[in-house]
Structures are given as C-alpha cells and as structure tokens.
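Undergrad: Sequence lines, in order, name chains R and H.
Using the UniProt record's numbering, you'd call the opening residue of the first sequence number 1 and step up by one each time.
Using the UniProt record's numbering, you'd call the opening residue of the second sequence number 1 and step up by one each time.
A portion of the hints provided could be inaccurate.
Unchecked claim - Chain R stretches covered by chain H per the calculated footprint, using a threshold of three residues with CB under 8 Å from any CB of chain H:
1. 27–33
2. 185–197
3. 260–269
Claimed, not checked - Not close to chain R: a few residues of chain H, all C-beta gaps over 12 Å, as computed:
4. R72
5. W82
6. N84
7. S94
8. E125
9. V141
10. V179
11. T180
12. A193
13. A227
14. K305
15. N315
16. Q317
Derived from the structure by calculation, the hints contain no laboratory data.
Glycine included, each C-beta is placed from N, C-alpha and C at the ideal position.
2 protein chains.
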Amino acid sequence: MSDLPKSVTINEEGPREGFQIEPGPIETARKIELIDALAQTGLRQIQTVSFVPPKNVPGMADADAVVAGIRRRPGVAYTALWLNERGLLRALASPNLDVFGTISLCPSAAFLQRNQKRTLGENYEAQRSILQTYKKSGVKVRRGGLMATFGCNFEGDIPVDHVVGMVGQLLQLASEAEVTLDFVSLADTMAWATPTSIQRVVGSVRERFPGLRLSLHLHDTRGMGIANAFAGLQMGVDIFDAAVAGLGGCPFAGHRGAAGNVCTEDLVFLCEEMGISTGIDLDSLVETARLAEDIVGHMLPGSVKTGGTLSKFRNAQRVAV
Amino acid sequence: MSDLPKSVTINEEGPREGFQIEPGPIETARKIELIDALAQTGLRQIQTVSFVPPKNVPGMADADAVVAGIRRRPGVAYTALWLNERGLLRALASPNLDVFGTISLCPSAAFLQRNQKRTLGENYEAQRSILQTYKKSGVKVRRGGLMATFGCNFEGDIPVDHVVGMVGQLLQLASEAEVTLDFVSLADTMAWATPTSIQRVVGSVRERFPGLRLSLHLHDTRGMGIANAFAGLQMGVDIFDAAVAGLGGCPFAGHRGAAGNVCTEDLVFLCEEMGISTGIDLDSLVETARLAEDIVGHMLPGSVKTGGTLSKFRNAQRVAV
Chain R
1 MSDLPKSVTI NEEGPREGFQ IEPGPIETAR KIELIDALAQ TGLRQIQTVS FVPPKNVPGM
61 ADADAVVAGI RRRPGVAYTA LWLNERGLLR ALASPNLDVF GTISLCPSAA FLQRNQKRTL
121 GENYEAQRSI LQTYKKSGVK VRRGGLMATF GCNFEGDIPV DHVVGMVGQL LQLASEAEVT
181 LDFVSLADTM AWATPTSIQR VVGSVRERFP GLRLSLHLHD TRGMGIANAF AGLQMGVDIF
241 DAAVAGLGGC PFAGHRGAAG NVCTEDLVFL CEEMGISTGI DLDSLVETAR LAEDIVGHML
301 PGSVKTGGTL SKFRNAQRVA V
Chain H
1 MSDLPKSVTI NEEGPREGFQ IEPGPIETAR KIELIDALAQ TGLRQIQTVS FVPPKNVPGM
61 ADADAVVAGI RRRPGVAYTA LWLNERGLLR ALASPNLDVF GTISLCPSAA FLQRNQKRTL
121 GENYEAQRSI LQTYKKSGVK VRRGGLMATF GCNFEGDIPV DHVVGMVGQL LQLASEAEVT
181 LDFVSLADTM AWATPTSIQR VVGSVRERFP GLRLSLHLHD TRGMGIANAF AGLQMGVDIF
241 DAAVAGLGGC PFAGHRGAAG NVCTEDLVFL CEEMGISTGI DLDSLVETAR LAEDIVGHML
301 PGSVKTGGTL SKFRNAQRVA V
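Hey, can you work out the whole structure from these sequences and the hints?
TA: In structure tokens:
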C-alpha cells in the first residue's frame, strides 16, 4: 500500500523563517540561544538566517552577529539563505556557516514576475549564471528547488506536466554546469497542496526521473501540512523542510496565510509514531518549541508542544506493568 | 493504492463541543444563531447540545431553550447528547430534536473506570439496559461507538485484537436487541492515532466485519487530525465527526489538549480538493467558522478560515482566461 522510508532527514528552517517575519525586535543572544538549543535535539541541518538587505527585512539586520555567535555542534550543518551574489558573499565570509548552493525555478510565470520580476527564460538564465558563481567560489551545489509546485494564487492550478518539465530543466542546468544535485525540493509555496496532489505530482516526477531524491517544503496555511507530509512519506519522500513550533506562521498576527511551514515537532511526532526514524529527541524538541514561544513572546501554531508527547503515558505504563 | 469514497457525511459537533467547554457565558440567542447558520451550509447533521446536569456543565444549562429556538431546516438532523435516562427524557421532550440511540463501549478498562466508574462487564450490561430503554421509548438506534480506540492516557497503546473484539460486542448487543447499527464510530478520544494506526485498526475491523460501515471521531490535540482523516478516507471511511472552526479546542485557554475535534471546514477543504463530495458550501462554512469565533470571543484553531479557500483564486483565473 505504501513505500514508507525507514528514516527521514528534517531541515529545520524555524530560525530563518521566524526571525524574518516576527514583528518585534528579538535580541541577537536569544536568536543564538534558539539555534544552539535546536542543535541539541538531534537535528542535523538548521537554516539559521537570511542575508538580505536590512531595510527589506529588519529582523535579519543582525544576521552576521547571529551566525558569529553560534556554538557549532559537530555533525550539524548550519546553513543560510541568500537571494543574490552580495548575500552569498556575506555567507561565505561567515566561518560558522556551511554554505551549499541552490538553484531554483518556478512553474508559475505570474508568480515569478511578481516575486522576482523575471520571465521564465530570464530566471533560467539567472540560474545558469549563479551556477557559474558557485563554481568560481568553490560552493558545492546540493539542491534544486521548484516554487509554487502545487498551485499559485496568481496562476491557479499548475499542470503536472509543467512541473515535470521544470524538474527536467533543473537537471539540465546541473548537468551543463557539471554538478550533481543531491535532491530536488518541491515547494508548496502558497499552500495549495492536498494529499491527492502530492501523490499526483510526486508520482509523476518519480515516474519520469526514477532515481531522483525528492524533498517537500510544505506550508500549513490551510491545515494540510501534516497530511501532505504523510502523503509524501507514502510516496517514499525522505527529506522535509519544517519550522520548530511552526515559527514563521502566527495566527495572532493575522499573517498565518503568508507563512507557516509545517511544524517540526508535529512532523517528528508523525514520523516516530509511524516507526520512521528522524534521529531527533522529540521531548527535547518540544522543550525547544516552548523556548521559541518564549523568545517570540506569543503562542505559535504547533500542536504537540501544547498537546504533549506520548512518552510520559508510555513510561507510566511500563512502570505500572 | 486507495479506496477513496466518492462522498462523505460529516456530523457537525461544534455547538455541543464548543458550548460545553467555553469558559465564558454565551447568550442563548447566539448559540441558536450558530446552529441556524450551520444548517445553511449544507451540513445534514448537527449535534446541538448535551443534556447534562448544569452543575457539571454550566454552559449547557440552557440546552432546552437552545433546542426550542432552532429554526429547523428540512433535510437537517438536529441531534443531542445525553449520558443517562434523565438526559434522554429531556431530549425526547424536545420536538425540535431528532433523537437517535447510541451504544458505546471502551476497550480501555482504566479509562472506563476513571470516566464512568464501571468495569468492562458493567458497561456491557449498561448498554444492554439502555437498548431496552430505547426500545421502550421508540428510539431508533443508529450508532455503536468505541472510545479510546487508538490509545489511552491511562492504559497506553490498545491492542488491535481488543478493538476488533469490542466491535464484535457492539454488534452482539445490537443483535440481541434486534436492532441494526447503521455504523460503528471509532473514537480517538485522547488523540493517540497516527495515519499508520488508523490504517491498522480500520483495516483489521474491516477484515473481520467486511460489510460494516465505519465512522471516525478524531481529536486534533497533536495536530494529526487531518492526516488521520486522510488515512481513513484512503481506507474507505465515509463518515466523520468534526467541529466548525475547531470549536471545543482552544489554544488560548490551554485546554486544547483536553478537547478539539478535527475542524469541519479544514476537513471539507481536504475532501473537496481531493474530489470527494461533502454536500457542503465551503465558503459559507468558512463564514460560519468566523461567526463561531465572534460568538466565543476569541480565535479558534481551524486553519482554512484564516488561510482562506482557493475559490477566489480559481474564479480570478477563470475571468482572466
């Protein structure tokens, strides 16, 4: 009935997602505290900051200081996001970071125009160009990504063939640049996906590119995140982006619609309860999710941090028996 | 890969779940307003109140007045909950109600003792007795239910064989009383279920009782509700309990752990986007979810009422094309 993986890799994006969207100023030391706490939970990849102009994203003005303050834990990759060469240079200047290259396409021409002021063709050329920059800078390229894979507020439903074609373009770009992508990430940027469209799109990509490892980036705007992750697991997907406590989405500020990756501890609960190993200590992660709430100063959307894990009930049972 | 139903029936429990747990007093007229609004959305079954002693549940002190004020819409069943014969008599005295009988067992002896101060055997006899009461009162018995089907805070994981055996006991009770159950409801009372355990338990019950129609009652305490519903749909389950806006669960009051059925409009979004008909107008239901928030005076946990439906984006597309 399904093709569940034995283990999954979770890419924690909470610090970057959260600190860029939270309205209030958050002390640099507390941002570092959260990243250091996340590194203690068993997570092996943490996206820490984005290097973007402070006038666009005031919450990232201290990005260099945040990264400089991390106490690196062996075995954990600390990554960052950048949107242009200037951002990449800041990342490369940070000895605490693991800098990996990404190329990204978007099947929605309308979203691309609105978001990056580029046509599909211009964006393809821009990726070709950034691959050359990576090569010059000695940056290993790991990830190809597609935005708006499952639907778009500005273009509606996205034909599956179009998605499959664009995955082909990512592989073509990588091949031209003589690099091998570790995986391709399919992002549900505007939260259009349901388990059925996950099955349809992932299935079609799989059929066309059987050996290709896939990752899912799922926004929880419409409450489908965990169900979509489950559908992905059933299709054998074994890499997921997630955000501790659901950082980045905030029902109180009314911008839950704009953000909100699937919540890391809810995803870990799903996987571990299903017998899929994450390498993460769920109780420790739940503590860290509560720390995240303390740091931002308001409740965050994740469920397990409020509902609790099952370990104490199972432990009580063991003692009773 | 799956056995998705073409359509599902959703049993709305929001008014009963919400009004019994909300701390503040809510005007009777506003409770009626919510029930009347729900009846306009296409929902065909609404659980309106519970007939319980006001000293136990102050929010249900006006249950008779709420039911008396409903403007009945043809085609909608208005139901109520009761826990003993006295409650049943109050329900029977309400001409606005559709009174259907339920029998209920629980595979967790520990939970049953704690919750109803009965042993498994005593509870079995109590169901036998209530079946006689239904017969005397001319009440049609429709539903058999199991509580704590997927796990229990006081007993831990529940063996699947035990669940299957108890479904057999429900059918045995019905058979003795010469009634036919329309369906059996499996309740995840303490939110232990994951999609895997839904598959395992529903699959085992199906295997043993192939013709039996099943319903799921899913609490969303750990954020698994929609994923569990999806797993149920994949197993062909076509009846679900749900609560508009996630009424009954409230992250602000800190008792989300104790309540919180899966959110009706999120479930309708899931189904309709997957091509499964619910008979419900999602945009109208989302409006009603916002009304529910207005009535209780704080935000409620559902996602689609905040994230929005996809209809306006699809309509804009249609105009543009």
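Undergrad: Now look at each hint and say whether the structure bears it out.
TA: Hint check:
Residues of the segment 27–33 of chain R lying with their CB closer than 8 Å to a CB of chain H number 0, which falls below the three-residue condition for coverage. Residues of the segment 185–197 of chain R lying with their CB closer than 8 Å to a CB of chain H number 6, which satisfies the three-residue condition for coverage. Given as covered by chain H, the segment 260–269 of chain R passes the check, having 3 residues with a CB less than 8 Å from a CB of that chain where 3 are the minimum. Every beta carbon of chain R lies more than 12 Å from that of R72(H), the smallest distance being close to 31 Å; the non-interface claim holds.
Separation of W82(H) from chain R is adequate, the least Cβ-Cβ distance of about 28 Å exceeding the 12 Å criterion. N84(H), annotated as away from the interface, keeps every beta carbon of chain R farther than 12 Å; the closest lies near 29 Å. The beta carbon of S94(H) sits about 34 Å from the closest Cβ of chain R, which is more than 12 Å, so the claim that it is off the interface holds. Every CB of chain R lies more than 12 Å from the CB of E125(H), the least distance being 27 Å, so the non-interface label holds.
For V141(H), the shortest C-beta to C-beta distance to chain R comes to about 33 Å, beyond the 12 Å cut-off, and the non-interface label holds. Against the 12 Å criterion, V179(H) stays outside the reach of chain R, whose nearest CB is about 35 Å from its own CB. Even its closest Cβ contact with chain R, about 31 Å, leaves T180(H) beyond 12 Å, as expected for a residue assigned away from the interface. Distance check for A193(H) against chain R: the nearest CB is about 9 Å away, which does not clear 12 Å, and the non-interface claim fails.
Not every CB of chain R is more than 12 Å from the CB of A227(H) (nearest about 4 Å), against its label as outside the interface. Not every CB of chain R lies more than 12 Å from the CB of K305(H), the least distance being 10 Å, so the non-interface label is violated. The Cβ of N315(H) sits about 10 Å from the closest Cβ of chain R, inside the 12 Å cut-off, so the non-interface label is violated. For Q317(H), the requirement that its beta carbon stay farther than 12 Å from each beta carbon of chain R is not met, with the minimum near 4 Å.
Taken one by one, the earlier hints fail for this structure at numbers 1, 12, 13, 14, 15, 16, listed in ascending order.
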